[in-house]
Structures are given as C-alpha cells and as structure tokens.
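The residues making up each chain are set out below.
Number of protein chains: 2
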Amino acid sequence: MNWKLAARAEKMNPSVIREILKVTERPGIISLAGGLPSPKTFPISAFAEACAEVLHKDGQAALQYAASEGYGPLREAVAAMLPWPVDPAQVLITTGSQQGLDLIAKVLLDPASRVLVETPTYLGALQAFSPMEPEAVSVASDDEGVLVDDLKAKAKDARFVYLLPNFQNPTGRTMTESRRAAVSAATAEAGLPIVEDNPYGDLWFDEAPPLPLTARNPDGCIYLGSFSKVLAPGLRLGFLVAPKGIFPKLLQAKQAADLHSPSFNQRMVSEVMKEGFLGRHVPTIRALYKRQRDAMLAALEREMQGLGVSFNKPAGGMFLWLRLPEGLDAVALLPEAVERGVAFVPGTPFYAGAGDPRTLRLSFVTASAEEIGTAIAALADAVREQLAHRAAAEVQRQLAASAA
Amino acid sequence: MNWKLAARAEKMNPSVIREILKVTERPGIISLAGGLPSPKTFPISAFAEACAEVLHKDGQAALQYAASEGYGPLREAVAAMLPWPVDPAQVLITTGSQQGLDLIAKVLLDPASRVLVETPTYLGALQAFSPMEPEAVSVASDDEGVLVDDLKAKAKDARFVYLLPNFQNPTGRTMTESRRAAVSAATAEAGLPIVEDNPYGDLWFDEAPPLPLTARNPDGCIYLGSFSKVLAPGLRLGFLVAPKGIFPKLLQAKQAADLHSPSFNQRMVSEVMKEGFLGRHVPTIRALYKRQRDAMLAALEREMQGLGVSFNKPAGGMFLWLRLPEGLDAVALLPEAVERGVAFVPGTPFYAGAGDPRTLRLSFVTASAEEIGTAIAALADAVREQLAHRAAAEVQRQLAASAA
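Chains as they are written, first to last, in full-length UniProt numbering: chain H, 1 to 404; chain Y, 1 to 404.
Any given hint could turn out to be false.
Derived DSS-like pairs (lysine-lysine); straight-line CA-CA distance at most 30 Å [stated by the list, open to error]:
hint : chain 1 : residue 1 : chain 2 : residue 2
1    : H       : LYS4      : Y       : LYS156
2    : H       : LYS57     : Y       : LYS40
3    : H       : LYS274    : H       : LYS22
4    : Y       : LYS274    : Y       : LYS22
5    : H       : LYS290    : H       : LYS244
6    : Y       : LYS57     : H       : LYS40
7    : H       : LYS11     : Y       : LYS290
8    : H       : LYS154    : Y       : LYS4
9    : Y       : LYS244    : Y       : LYS40
10   : Y       : LYS274    : H       : LYS40
11   : H       : LYS244    : Y       : LYS11
12   : Y       : LYS22     : Y       : LYS244
13   : Y       : LYS57     : H       : LYS274
14   : Y       : LYS274    : H       : LYS11
15   : H       : LYS11     : Y       : LYS156
16   : Y       : LYS244    : H       : LYS22
17   : Y       : LYS290    : H       : LYS4
18   : H       : LYS57     : Y       : LYS274
19   : Y       : LYS313    : H       : LYS154
20   : Y       : LYS22     : H       : LYS156
21   : H       : LYS22     : Y       : LYS313
22   : H       : LYS290    : Y       : LYS57
23   : H       : LYS274    : Y       : LYS4
24   : H       : LYS40     : H       : LYS274
25   : H       : LYS156    : Y       : LYS57
26   : H       : LYS152    : Y       : LYS274
27   : H       : LYS57     : Y       : LYS244
28   : Y       : LYS11     : Y       : LYS274
29   : Y       : LYS22     : H       : LYS244
30   : H       : LYS11     : Y       : LYS40
31   : H       : LYS4      : Y       : LYS274
32   : Y       : LYS11     : H       : LYS57
33   : Y       : LYS244    : H       : LYS4
34   : Y       : LYS57     : H       : LYS4
35   : H       : LYS57     : Y       : LYS22
36   : H       : LYS274    : H       : LYS290
37   : H       : LYS11     : Y       : LYS11
38   : H       : LYS244    : Y       : LYS274
39   : Y       : LYS274    : Y       : LYS244
Hints in this document: simulated from the structure, not taken from any laboratory.
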C-alpha cells in the first residue's frame, strides 16, 4: 500500500532519550527522570467517594456526550480560583494542559510562523507545536526567566511567546516580580501575545509566586492550568483561559480534536473540589515536595563536593537543574548513571536551538527523600567515573602528542 | 495585542446548525438530532463497582501518568475482541475515536492532500481532518456505500479513503459483502490506504454486518473503534489499530496531543469488560435500539403518507436518512420543526462537496419509542406546512406572471 506520510510526520523521530529511559522502568533503578507526581499525594479516598456520588446522583449525565466547552460547575470553579476576574465563559476544559498546547498551535501557528520560547523550555510544548511546523526561536534567559532585551529584539512578527513563569519545567526557576513587570510591559508594547503555562504554580514551598502574567493583561494572554499536579494526572484534566476573541476558535479546535474532555472525570473533579478540598490538600503536597527538595539539595551539597557541579535551588514545583563540570556531557553520562541505578533526563532536548550538553534535569517528587540520597550518591559516582575517564583520555592524548 | 490567527483558524466558522440546535436543548423539544446513545443503556452500577475496585486495588497507578500507547490489559482486550489477528502492540488507545481521526490527519495529511470520503460522510471526520487543510473529495455512493468505479477514478495520489461501512453516520446505510469485496480489491490494486471507522458495528439488529475491510487487508488499513456506543461516551475512550510501519508515528502524534488517554478510565473500562460483560450488555442495547428504529419506521409510514418523503431502513446503528419532497429544503424546515417541538440535523453539512438540500438525519436512539411517534407526527406537520407554503408561493408566482 502507498502509505505516504505528511511532511510533519516524516520529521517525527523516536526520542533517543525515551529509548534510554525505557530501561529505567526496570526494578532497582531510582528514577529522577520522570515528571511523575508522588502517588502518595493522590487523594484516593476522596476520589472513591466522588465517583460513587457522581454515579449515584448524576450517572446518566456523567456518562453521556457533553459540551465541548466543559462541565459548567467546573468552569465556574476554575474561574473562581484564579487570582484575576475571569468569566467562566472564557474557560475551556482540556484533556490535560498538554491538549491546550495542541489547540493553541492549531489556532495560532501556520507553517514557518515564529514562536518564541524560553532557553530551555518545556519539551512537551515543542512537541505539541511541532505538527503545525512553526519555527521555534529561543529567547535568551537567565535564572529569572527570559531576558527582556532579547524578547523585544525577537518580538516582531512572532505569533506568541510561550512562558512558564513558575518553577519552570525543566529548570525549576521562577520569574521574579520585576522580570514579570518588565516582560508584561514589553509584550504589551510590542503587541506580542503570551501563552502562559502554569501547571506548577500551586506547588510553592515558602511563599506563593508573584501574580501570573495573564492577570496583568488578560486580553493579551492565553493561560493554561492543570489538575494533574494538585489532584492527579491520570484523570487528564486541564484548562485554558482565553480572551473572548480567540475562545471560539479554540473551542472549535477542541471539538474537532476529541469532542470534549471526559464528562465523568470533570464531574469527579468538580465533586472533589467542593468545600475547599484543594485548600486542605495542596499544602500536604507542598510539604512533601519541600522535604524532598531539601533532601536533594543536602545530598547534592554532600555528594557533589569538589566535582565542579552547579545546581539551582527551586522555590517550588518538581524539578532542579544541574550543570556538569566542563568537558562532561549529560547524554554520555546517562548510561553510566543507569548502570549505577539512577536515571535523569539530559538537558539538550529542552532547547529549541543548540542546547547546553552539560545540563540535566532532576525530579525531586517521585522518589522518597531516602531514595533521593541514594540516587544522588550514585550520580556523583557516575560523574567521578566520567571525570576519571576524561582525565585518562587527556593523559593518553598528551602521551600521543609527545610521542609524535 | 496582535493576535494573528493561523490560516486554518480563519476558515473555521461557527456552525449555523449548531446554533439552531442549541435551541433544541430547551425543555419540550424532542430531539432526533444528536447522536447521543440512550442513557438508559449506560451500565451505571457496573461502572460504580469498577471505580471502587480500580481505586481500591490499583489507585495510585490508575491516577498516575501512563504510557501514551494505553493500558496494557485494555490493549489486549481490544486485540482479542476484533475478528482478525491483531497484535496488542498495534492497538493505540485514544481519547474517543474522534481523536483517532485527528492523529491520522496529522500523520497522513499535508496541505492540499486529497482525502476521499463517502457521499455523504461523517461531519466530525471532515472537522478533524480540516486543521491539516486537505482537499476532501466526495466519492459517489449509493445505498451500499461508495461506488467502486468512482473510487478507482479518484484513487490516484489520494492519501487514503475514509469509510464508515457499518450503519454509517449520517445515513445509517451498511456496505454489503459484495461491495466490501470490490472496494477491498480496488484499493489494494490502487495501493490506496483505507481508514475504516467502525463506532456502530456492534449495534446490529438482526444479523452482524460483514467482516470489516481491515480484516481483509490489515496492512492497508487503519481501523478505528469506540467504547462510546457499547459502554458510554462520557469516558471518552476509543482505539485505533494501525499497521506496524505507521503505528510509531501515530503514537508520537498521540503523545504530543494529550500525553495519554485517562489511565483511570482505561482501567475502569478494562475492569467492566472482564468476564464477558459486553457479550451480555450489548444485546440489551441492540434490542432497545431495534424497538426504537421500528417505532420510527412505523411512525414515518403512518405520518408521511402521501407527502413524497422517502427514507431508508437501517439494519443497525443510530441513524435514519430521510429525503424531503422536491422543492423542500431541510435547513429551511428546521425552524418550522423546532416550532412544533422536534429537532433533526439537515443533511448538507455531511457532504464534502455540494450537498443534497432535501436530505436530513434522524436519530432513533435518544428519544423513547413514544416520543419518536410524537416527534415524527410533528415533523410531518412541518413538512405539510412547508408544502402548503410552497404551493401558495407557486400560485402567487403564476398570478404575478399572468398579471405581467
């Protein structure tokens, strides 16, 4: 048969890293690789009660086809929990916030459209945009987020800038208040729309992050949120909030993509969220993740001493960003680390342009504090091994040079 | 802000019919419009048991992120229930079979690619393909499906033909065994891939439909199935079966689209399907829908007598196709019908090319047999009214002509 692939599909390649990480699913490997919330935080009994209640009270409607916009009371709950005035009519319930990225790409990106992203940025966003064949352009970034001058320089004719201001995936960094103010002013002046992705914002450790960019200019932003990190990812529920002019297009794209997100799941979440459940539940997640982040920082201080490794101190979320000493390469390190029982994700796939091969992402939420300690010690071993290799190779090179 | 829409989004227009049908949600209207399965058929207590069991036995995994391919035991159950040898590795679980259409479009359609469809075809497929901006080409069709000669004539350079052989949406027609054999031979000869959509195949009334096209040439077909019509649509679960060469591309598109379908729902359905549940449950749906189809046929025979209306007799599924007498128009009839308390969907949106304005789709599954009787009587009234209007207009025209 003449199966002819679309040009975009010809370009899709199986991820080398995904293949390596498949190995990490074998027992005995401690994975700091995945972005999997700790299953200890899933409110299983609350879900069990909600399921029973929804099926008992409203089973036929919960199992029927439903509006593409989403379940009314859930849209209202989302609007009410956001820190700026949101009309529920602007809330679209999505099949995870990943789907929001797919819908935005369909509505806003033509082939070769320029879309601006952070350096580095969320890999899943690059994957979601890619079927629409845009050109993803990296905006220079530091520990506080994108650099405003570079953003201004690249703003012209870009369709939007994609930003993840809170506890970013992959770096764990947070955009400061002053940077937000500057980015908001610069994008408004340039007329550049923002797509603001905020799956981790509620997972702060000591203090809540600054106000979202969308709150500062709601007509210039599409905001994405998720229930995956505050309730559970396995329900696949997220949402977006869009300006009224853009909303109908996103809704039509949603209808064509999967008709609507599961009505049953929407009612379950709506039921669970009643009576301030998130207000009681989310602090327990914050406390757990903070303990695990502290365990990771302590282990890194202890185990990496003298190795020339640098890393940041995330104020929330799920990830920490680490940079290996000069001459090492995270992709080459991964099999060594897996050999020693620990997995991570190398940093390069998270860059739209050329990546820094010394970087890697560590998750502190899936493994326990004790496992994190063991894993970081193993990782330090792997780094030492790679450094020794490199030193040996250097000696070899010098011998060869002096013999020549 | 400079929100610039993608070209595909500029072309998206709110459906006029969708707007009219919003009116039909008001109480007192009997809707023969929607494709909503009868909620009486939803196995609510089986779902309640399955939810409790899944959360009790396997709650953490059911609520966690999961593989994009889908839940292993569900993929195996799907492979086992299909009437040809299927490797579970070829089964991709989707967020409703609608999502399967979106993924196929991403993987197989470039802008201006030709995709062949029936006359008429499923509107949701046209909507799912449309973001990839293909050219949808109607293949001439009769009561048995696409005409083989026209299919052959249009096969060259087409990416695939999209076929819905069982109790088609919108017409309710079924492709006969001889037509299947001829279509299968013609597409194999032309090297033309088939996308076979089969959401309704289990809903037969007197005898099972002939073997799927995919069973005749698995390497030349992608097959789409759904749990929406045999269990419940509100879980949003479907599946596709693809040749091994195409599967990895569809999987990557799936990952980018929503990471994976809800793990919780997949386990629920897997749990419900244990011990031959569908074998006991589906016959009850068939019996109900057959009674309601019979009620619709009887009402049409009774109420439409002498009006010049023609209609088919579907052997299964959810829909019946009706053609109004010459000079009438289904879009113009709709407000008249809604006025009298009945809604339907006009036929024209289901055509990729110019549609037959006299056609309309009636669903016999949502309303009860009694409501169907009332609704068809109201519809006949609306037809009579339109015919009277038309006759009056004709008299007027003749008077004006003779006066001139």
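Checklist entry - Is LYS290(H) close enough to LYS57(Y), meaning Cα to Cα at most 30 Å? => result Judged against 30 Å, a Cα distance of about 29 Å means the pair holds.
Item to check | Given hint LYS40(H) paired with LYS274(Y) - CA-CA distance at most 30 Å | outcome: The hint holds at about 28 Å.
Next on the checklist: What's the verdict on LYS290(Y) and LYS4(H), does the C-alpha distance respect the 30 Å limit or exceed it?
Outcome noted: Roughly 41 Å between the alpha carbons, so the hint for LYS290(Y) and LYS4(H) is violated.
Item to check | Pairwise hint evaluation, LYS274(Y) against LYS244(H), where the allowed Cα distance is 30 Å at most | outcome: 46 Å, violated
Item to check | Restraint check for LYS4(H) with LYS274(Y), where alpha carbons must lie at most 30 Å apart | outcome: 38 Å, violated
Checklist entry - Between LYS57(H) and LYS22(Y), is the straight-line Cα distance small enough, at 30 Å or below? => result 25 Å, holds
Item to check | Given pair status - LYS40(Y), LYS11(H), alpha carbons within 30 Å | outcome: 47 Å, violated
Item to check | Pair hint outcome, LYS22(Y) versus LYS244(Y) [Cα-Cα no greater than 30 Å] | outcome: This hinted pair is violated, its Cα atoms lying about 43 Å apart.
Checklist entry - Holds or violated: LYS152(H) with LYS274(Y), Cα cutoff 30 Å? => result 58 Å, violated
Next on the checklist: Need the status of pair LYS244(Y), LYS22(H): alpha-carbon distance at most 30 Å?
Outcome noted: Distance ~20 Å between LYS244(Y) and LYS22(H) Cα, so the pair holds.
Item to check | Holds or violated: LYS57(Y) to LYS4(H), with C-alpha atoms at most 30 Å apart | outcome: 44 Å, violated
Next on the checklist: So if I understand the rule, the pair passes when the alpha-carbon distance is 30 Å or less; does LYS274(Y) with LYS22(Y) pass?
Outcome noted: 39 Å, violated
When the structure is compared with the earlier hints, violations turn up for hints 3, 4, 5, 7, 9, 12, 14, 17, 19, 20, 21, 23, 25, 26, 27, 28, 30, 31, 32, 34, 38 and for no others.
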